[in-house]
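Engineer: Below are the chains, spelled out letter by letter.
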Amino acid sequence: MKLENTKAQMRKGVLEYCILLVLDGEPLYASNIIQELKEAKMIVVEGTLYPLLTRLKNAGLLAYRWEESTQGPPRKYYELTDKGRKFLGELEGSWAELVDAVGKIRKSRA
Amino acid sequence: MKKTFTINISGTVFHIEEDAYEVLQKYLVKLKNHFGNEEEGKEILADIEARIAEIFAEKSSDEKRVITLLLVEQVIETMGTPEDFAEEEGEDEEEFVSQPKRKRRLYRDPEHRVLGGVCGGLGAYFNIDPVILRIIFVVLLIITSIVPALLAYLVLWIAVPKAITTAQRLEMRGQEATVKNIEKSIREEVKEVKESYKKFKESDTYSRGKKKVDGAGEVTYNVFRLLLKVAVVVIGVILIISGFFGLLGLISSLIIGQSFVQGWPLIWTPEINFPDFLNYLVEPGAVKSGLVTVGFLAGIPMLAMLYVGSKMVFRYKSNNTAIGLGLVGVWLLSLIALVVISTSQISNFKNQASVVESVTVDCDSCQTLYLKLAEDKYKGYAAQAWDLNKLKVMVVEGDRVILGNPRLDIDRASGNSFLVTVKKSSRGRTREIARDHASDLVYKYQVQDSVLFFEPYFFLEEGDKWRDQEVHITVKVPEGGTVFLDERMVDIIYDIDNVTNTLDGDMVGKYWEMKPDGLTLKELAE
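Sequences listed follow chains A and B, in order.
Read left to right, the first sequence gives residues -16 to 93 (our numbering).
Read left to right, the second sequence gives residues 1421 to 1946 (our numbering).
Okay, chain A solo, but in the shape it has when bound (with noise of 0.2 Å):
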């Protein structure tokens, strides 16, 4: 048993919650999300994102638009969809569950 794993096994649970979670609001684009992630500690490299993003987006979750920038290539801009922000209300309220529940354990130790 590695800590390693056992704390990327922790934060892929959390990620995609964090994700929709920072999308909530106006849209972003990729570079802004990272920046956020990366803030929070969420993701160290940036590569993880992608994968992520494209799939939360083939599930329906998220959406895009192509907006031109004055620097470089034209940037994806990503918003929840009404599916996402429904799935995000969700897990919300399963994150609150967890929370409460290992706090409730964490406190019944201390």
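You can trust all of the hints, since none of them are fake.
Below, in silico cross-link-like pairs of lysine-lysine (PhoX-like), each with a Cα-Cα straight-line distance of 25 Å or less:
| id | chain 1 | residue 1 | chain 2 | residue 2 |
| --- | --- | --- | --- | --- |
| 1 | A | Lys59 | B | Lys1462 |
| 2 | B | Lys1479 | A | Lys59 |
| 3 | A | Lys59 | B | Lys1582 |
| 4 | B | Lys1792 | B | Lys1942 |
| 5 | B | Lys1450 | A | Lys40 |
If you're looking for bench data, these hints aren't it; they were derived computationally from the structure.
Using the hints provided, position chain B relative to the given structure of chain A.
Structural biologist: What follows is chain B alone, placed relative to chain A:
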């Protein structure tokens, strides 16, 4: 100053130093292998490339946009390698794609294109200036009267994928110079074979049994694989060449009316001059639609040969199922259409009719008739290459003349005088049409006293089609009458009955008398 390349990443042009280029190329190929070749993988890769371009644009601040090795390494660190993704995603069982062998693949080059980027891509593949290839292509266009070379180009245009992602563009260019590269890959291949053979020998010396079989298997496998690779390329080249020349032959024979690759050795080409040939057989409308269907029927397999051949040689990936199925559909439709057209044409042969003219030879005192062949006016003219049943086509002073050989028989006359019967027959859709065709036939003979001059040919009226026309001449000889067959009559006499069953060839040059039991050789008394 290091050597730099110009590359295009996600629509932005960068200058990249050689060592940086190598590293970036390896990285992108690795990513490509990781994400796979499906739609999703392509999209992810395109996104990552866009991001890389963005980082490059941000960090290579100077106007020239030179990408250094350091910058590439930074980018790789920021973006992460497939191993990193696996770690972050917690997929510990991620299969690590082995160090990618950067194989050259054929792509169309959208950056160096005039039309579809085929020449550009081929240039990158062979490491030659695309301009040279374009010149060769234009020359081919001119020699092949445009269509075949154009079709070959279109096949490649449709079949060869466009290099869209940077990884593909890098793959398109492969490694260093081509000849060296090929040599290198062959040497590697040979080395692999040698090594596995060595392994096999070692295992044989040290241990016997199962390993031995494995080793032997591996050696055979490697040798076999090497041979197979060479065979595939050779077959591919043969397919390309024969497909191309097949098209060339087909199209030139369809359009120009003759195949000008007839003389090419070893290469199969359709050698019949379709339009010419068909014009004498069928209605003009049917000729055109027939030609189109024949073109599709023979042309589509040749296009397929070009496609398969080029795929075998260049090993590009392509996904054109719809076009392929479409062509198969067109091919089947053409087959059906041809069958329909043919059946409608065959009905033109349904009925037979004939017209008979009998003329009494006006020579009461004649006891002997001399049968001679008139002068062959067409001897000097070359007949066209083909021969339709008994008909020939001759070109006489620019006009086409269709001739046939009549057949002459000798029979007993019911009356007391010599009689010449000319029976013209033909086929047609209806009896009336057949009769019209028959009466259109022109056949002449001349009577001078006791000498009959028969023309060696009968003629079809201009514009008439071949409908199995025939002319049968019967010379009726009264009992007691004699005929003399001139030597040259051998050309037209056909199965004349006589009492001695003498063959036609032996009947000429002799006198024959009609006796009660049949035609008898007349011994000359004197």
